[in-house]
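Colleague: Residue-level listing of the chains:
There are 2 protein chains.
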Amino acid sequence: MSEKISQAVIRRLPRYYRYLEEVEAKGVDKISSSRMSTEMGLNASQIRRDLNCFGGFGQQGYGYSVGKLKKEMAHILGLDKRYKVIIIGAGRIGHALLGYKGFMLEGFDVTDIFDADKGKIGTDIEGKKVLDINGLDRYLQENAIDLAMICTPKEHAQSIADRLVSLGIRGIWNFAPTDVDVRRGVAVENVHLSDSLYVLAYKLNQ
Amino acid sequence: MSEKISQAVIRRLPRYYRYLEEVEAKGVDKISSSRMSTEMGLNASQIRRDLNCFGGFGQQGYGYSVGKLKKEMAHILGLDKRYKVIIIGAGRIGHALLGYKGFMLEGFDVTDIFDADKGKIGTDIEGKKVLDINGLDRYLQENAIDLAMICTPKEHAQSIADRLVSLGIRGIWNFAPTDVDVRRGVAVENVHLSDSLYVLAYKLNQ
Chain A
15 MSEKISQAVI RRLPRYYRYL EEVEAKGVDK ISSSRMSTEM GLNASQIRRD LNCFGGFGQQ
75 GYGYSVGKLK KEMAHILGLD KRYKVIIIGA GRIGHALLGY KGFMLEGFDV TDIFDADKGK
135 IGTDIEGKKV LDINGLDRYL QENAIDLAMI CTPKEHAQSI ADRLVSLGIR GIWNFAPTDV
195 DVRRGVAVEN VHLSDSLYVL AYKLNQ
Chain B
15 MSEKISQAVI RRLPRYYRYL EEVEAKGVDK ISSSRMSTEM GLNASQIRRD LNCFGGFGQQ
75 GYGYSVGKLK KEMAHILGLD KRYKVIIIGA GRIGHALLGY KGFMLEGFDV TDIFDADKGK
135 IGTDIEGKKV LDINGLDRYL QENAIDLAMI CTPKEHAQSI ADRLVSLGIR GIWNFAPTDV
195 DVRRGVAVEN VHLSDSLYVL AYKLNQ
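From first to last, the protein sequence lines are chains A and B.
Per the working numbering, numbering of the first sequence is gapless, rising by one per residue and ending at 220.
Per the working numbering, numbering of the second sequence is gapless, rising by one per residue and ending at 220.
Note that these hints are calculated values from the structure, not bench results.
Among these hints, one or two may not hold up.
Which copy is meant is left open, so a pair is good if it fits within one copy or across any two.
As the list claims (entries may be wrong) - List of simulated lysine to aspartate or glutamate pairs, EDC-like, C-alpha gap at most 20 angstroms:
1) Lys84 with Glu38
2) Lys84 with Asp209
3) Lys44 with Asp209
4) Lys95 with Glu53
5) Lys82 with Glu35
6) Lys40 with Asp195
7) Lys143 with Glu120
All chains should be built: construct the whole structure from the sequences, respecting the hints.
Modeller: If you want it as structure tokens, here you go:
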């Protein structure tokens with residue numbers, strides 16, 4: 015696969031994948047870029063260009079096979095693998111993510127949740143016993159973990175990210191309200207819930 | 015303000031705003047588009063084009079005034095107003111959002127939280143008593159609410175959105191894992207937490 019796929023295309027992939035899940039659930043077998051365009055609110059030629067970045071999966075005039083396209087898209091996104099995930103921070107966000115339905119189905123298995131608060135360590139959240147963050151180094155030596163979700167307060171996010179990376183974690187999903195930086199070769203997604211709230215405020219005032 | 019500002023520009027505005035908050039907190043008064051470019055990872059000419067969409071706030075060679083730019087950006091986004099917000103659904107996500115620090119500071123005041131579950135109605139979450147969804151119509155007649163956050167299960171999201179809109183709500187922040195459709199003139203932001211997880215999986219496999 016080319017390394018030159020733009021960030022903008024990559025950001026659209028999950029939308030395609032979600033859309034394909036929906037039409038497949040409706041029993042649709044074949045889909046045209048023009049129907050996708052109407053239903054997804056994207057330009058049809060952009061859809062064709064995007065899908066061509068990944069080799070193209072359609073034939074001119076025949077449309078795309080929904081099942082095949084979805085399967086290829088899952089493969090491109092890496093959703094045909096399973097991932098072991100830990101959550102750092104057993105506060106509200108950590109709790110909500112632990113209970114978020116769908117992760118298991120999608121192949122993201124939360125194995126454990128950690129906190130630094132003595133009042134939380136050892137308590138049960140969604141059937142998981144909260145583990146002591148002091149045991150993280152040993153835990154990561156003994157367990158092969160793919161991803162960590164950072165749900166700590168803002169001020170601890172970067173130091174915990176640094177520690178996770180030094181312990182071999184290669185992917186970080188950061189929910190603390192600050193961007194964390196990681197070295198090249200480590201994947202990070204900083205989630206900014208407030209960004210979409212700001213866009214909503216913008217739209218509300220138009 | 016022009017109606018022709020592209021979606022892509024609008025989506026970048028919260029990033030600019032967050033960035034300006036950070037540099038202002040560091041005591042920076044003036045900032046160049048080239049420094050913004052380096053620190054934000056955006057193209058400098060794109061930054062200048064984006065800011066020009068809103069009239070431009072800088073002088074060639076002198077950089078932008080951080081305070082003025084941030085204030086203008088807040089105004090454009092509508093963050094210089096206050097919003098009254100209700101949450102529909104007192105499950106994990108609703109609970110996490112109710113406790114999410116920063117909303118009050120940013121001008122989004124959650125006034126009340128609703129649920130349909132008799133087991134939750136009347137209980138206390140983060141200092142708010144969970145209200146009965148059956149009382150929603152009357153509540154919205156008696157209270158001027160700007161925004162609703164939908165945190166219900168997927169299958170109830172569209173019907174609750176329809177009800178909210180019919181009761182005069184003009185902005186919906188939807189966390190249910192399905193897109194809700196609203197009529198023209200109503201603002202909606204569908205949050206897809208899993209999208210950034212999928213992008214993370216993609217990056218992890220590069």
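Colleague: Indicate, hint by hint, whether the structure satisfies it.
Modeller: Hints, one by one, checked against the model:
1. Lys84 with Glu38: within (9 angstroms within a copy, 45 angstroms between copies)
2. Lys84 with Asp209: between (29 angstroms within a copy, 15 angstroms between copies)
3. Lys44 with Asp209: neither (35 angstroms within a copy, 24 angstroms between copies)
4. Lys95 with Glu53: neither (29 angstroms within a copy, 34 angstroms between copies)
5. Lys82 with Glu35: within (11 angstroms within a copy, 45 angstroms between copies)
6. Lys40 with Asp195: For lysine 40 and aspartate 195, the Cα distance is within 20 angstroms only across copies (18 angstroms; inside one copy 41 angstroms).
7. Lys143 with Glu120: Cα proximity of lysine 143 and glutamate 120: none, with 23 angstroms in one copy and 34 angstroms across.
Comparing the model with each numbered hint stated earlier shows that hints 3, 4 and 7 do not hold.
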